[in-house]
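A.B. asks: Under our numbering, think of the first position of the sequence shown as 2, with each following residue one higher.
Please note that the accuracy of each hint is not assured.
Stated by the list, open to error - Below are the DSS-like pairs computed for lysine-lysine, each with C-alpha atoms no more than 25 Å apart in a straight line:
1. Lys181 x Lys165
2. Lys220 x Lys55
3. Lys61 x Lys220
4. Lys297 x Lys165
5. Lys181 x Lys55
6. Lys613 x Lys575
None of these hints come from the bench; they were simulated from the model.
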Amino acid sequence: MSDFGAPPVIPTQFQEYNSYVEDPEWQNRFSVIWSVAVVVAAIASAPRLWRSLKTGNAYKGLFGVREYSSVHESYSAVAPSPDRAALPSKRRKRVFVLAESLLSALRWTLPGVELDFGQMLVIVGYLTSVLLCLTINSQLISNPNRGGFLVLAQFPVVFLFATKNNVLSILLGPGAGWEKLNYVHRWSGRGMFICALVHGSLWIRNHLQYGLPILGQQKETSGVAAFGVLCGLVLTSLRPVRRLFYQFFFVVHVLGYVAFFITICYHTIYAPPWIFPPLAFYGLDMLMRMFRYSIKDATLVPVDNNMTLIHIHDCDAGWQAGQHVRLRVFFNGRLFEAHPLTIANAPPSTSALGSRSLTLAARVRGDWTRALNAYAQEEQHRLSLGSEKQLDSKASQSVGVPVQVMFDGAYGGCGIDLGDYESVLLVAGGSGATVTLGVLDDIVGRCARLGRPRGERTRRIEFVWCVRSFGCVAWFADALRDLALACERTGGALDLHVSVYVTCLCNPEAVPDVPNCDVSVFRPSVGRVLRALVTPPDDSELARTASCEKKDADADSNSDADSEVTQEHCLAGKLNWVGLGGGVGVVASGPESLICETQNAVARLGITQGTKLGGIGLHTELFAL
């Protein structure tokens with residue numbers, strides 16, 4: 002048989018574009034890009050993960066809350082140690098100081114924007130990679146299949162960052178819970194919508210241009226249906242809908258993705274392989290939740306008409322301060338409503354409050370919390386009337402209502418170890434105090450009760466709480482009082498000052514007695530409070546005392562701005578000055594405005610004085626959907 006040689010090669014410019022060969026390669030390139038980004042993030046987080054492993058803080062709550070059969074030892078405080086030389090050295094490693102100072106610039110946040118500067122960089126990088134993979138060497142006008150292939154390629158990203166138990170949270174360590182990564186889920190979904198919009202709109206254009214029917218065939222009809230479902234998912238996921246109609250959003254989200262998967266599989270045979278990774282992520286999430294579910298006895302205590310405390314009994318381990326659980330309370334037929342609530346105390350092995358209960362706080366904000374508070378008050382009144390001994394009004398308010406609860410968790414947690422910082426600022430707004438109170442209990446317990454077992458550096462703590470009325474202070478007054486007394490017993494080795502800022506003049510006689518606590522009627526500037534915490538006191542003690550006395554004498558006549566400056570000037574006299582270089586740890590929780598203000602204050606201070614202060618760490622918890 003004669004040999005005619007190799008067949009001729011068609012020049013590239015004359016080759017017909019085959020989207021079913023070219024576009025899957027760009028799917029793989031996009032998958033490599035985001036996978037490499039995840040690996041880089043895991044490597045960058047490795048030092049923090051290693052430190053948390055050494056201290057035992059990593060993976061708390063991975064297998065749920067546990068109960069020990071044997072009762073823990075009772076609370077016993079260590080002997081006071083006023084000798085400051087016995088405390089750990091305040092000098093921190095320079096590499097950590099420089100890293101925190103540089104990373105603090107990424108905390109800048111614009112008002113009304115859900116993302117800080119660092120998160121914006123992540124999203125810009127993600128969307129840029131999507132657009133590059135969508136447009137490079139593509140012929141979208143004549144063949145818009147590239148957009149459809151990239152929709153499929155983003156399935157794993159959307160589900161990886163959506164599940165509460167995911168591999169990435171395990172790799173990144175403490176402070177990288179699902180709630181911190183969820184912004185990637187939202188924006189990857191929007192990136193998927195952009196690709197679907199390009200694919201669908203250009204496809205419809207081509208059909209109109211060549212007179213082809215848009216509906217009728219299975220491929221076309223299922224494609225339009227899939228795009229319609231995706232549009233519904235995107236519209237119902239917008240922030241106003243999430244915040245005003247969360248239950249509606251949740252139901253539509255779950256059912257919508259099931260419908261989207263079904264219609265997309267009818268639309269193209271290339272979809273099923275890309276659905277298996279999301280199913281695996283979701284299956285892992287469900288499996289981990291099985292280990293984290295618990296059913297416990299609990300006690301409801303309605304503090305007032307706006308707050309209900311929930312004490313879940315016999316919870317000894319498997320959680321830490323600052324984490325949250327998803328709670329179901331079995332009352333009035335509400336068995337299927339699960340709500341996230343933050344844990345407001347430390348575990349019994351650490352807590353300075355001496356309780357084996359896991360404490361949650363539910364502020365009345367919606368239908369469920371309002372119904373829970375009403376049920377607790379009604380049952381409390383019934384139990385107080387049915388008791389053999391008549392109780393006074395104050396005693397009847399402390400009567401607990403027994404219930405059963407089911408919860409899964411704990412999730413999240415504080416991203417910084419406050420024991421690494423000499424000065425600590427805890428800022429909370431309203432019910433956000435559950436976070437700061439929990440981490441306060443943790444650090445006070447480690448320093449005052451356990452005698453700094455891991456070499457904790459903390460010496461001074463400023464607890465700032467912004468509330469609407471004086472009566473709100475009673476929500477956590479008992480816990481604050483016990484923690485303040487525990488700090489007093491250290492003989493000055495650990496200083497705690499509580500500042501309560503009230504924004505409404507109502508019921509001033511409701512302020513409880515908490516040691517070393519000041520109550521002021523204005524909204525503070527977090528930046529000024531933070532600067533006051535790290536600013537050396539005046540050389541003249543007499544000048545500082547006179548300034549504070551002037552503030553008390555002129556409280557009624559001063560404007561808010563004047564009283565704010567004077568109040569923060571007096572902060573230096575409330576906490577012992579220990580010098581600079583030991584680092585500053587900041588934890589903020591509450592509404593979006595407070596979080597934004599705190600992040601900008603930390604970013605500003607970190608850039609200008611970060612290395613001088615010994616580094617500044619920040620952890621935030623946003624109380625919003």
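A.B. asks: Against this structure, judge whether each hint is valid.
C.D. replies: Each hint, compared with the structure:
| no. | hint | verdict |
| --- | --- | --- |
| 1 | Lys181 x Lys165 | holds (10 Å) |
| 2 | Lys220 x Lys55 | violated (55 Å) |
| 3 | Lys61 x Lys220 | violated (48 Å) |
| 4 | Lys297 x Lys165 | holds (22 Å) |
| 5 | Lys181 x Lys55 | holds (23 Å) |
| 6 | Lys613 x Lys575 | holds (22 Å) |
Hints 2 and 3 from the earlier list are contradicted by this structure; the remaining hints agree with it.
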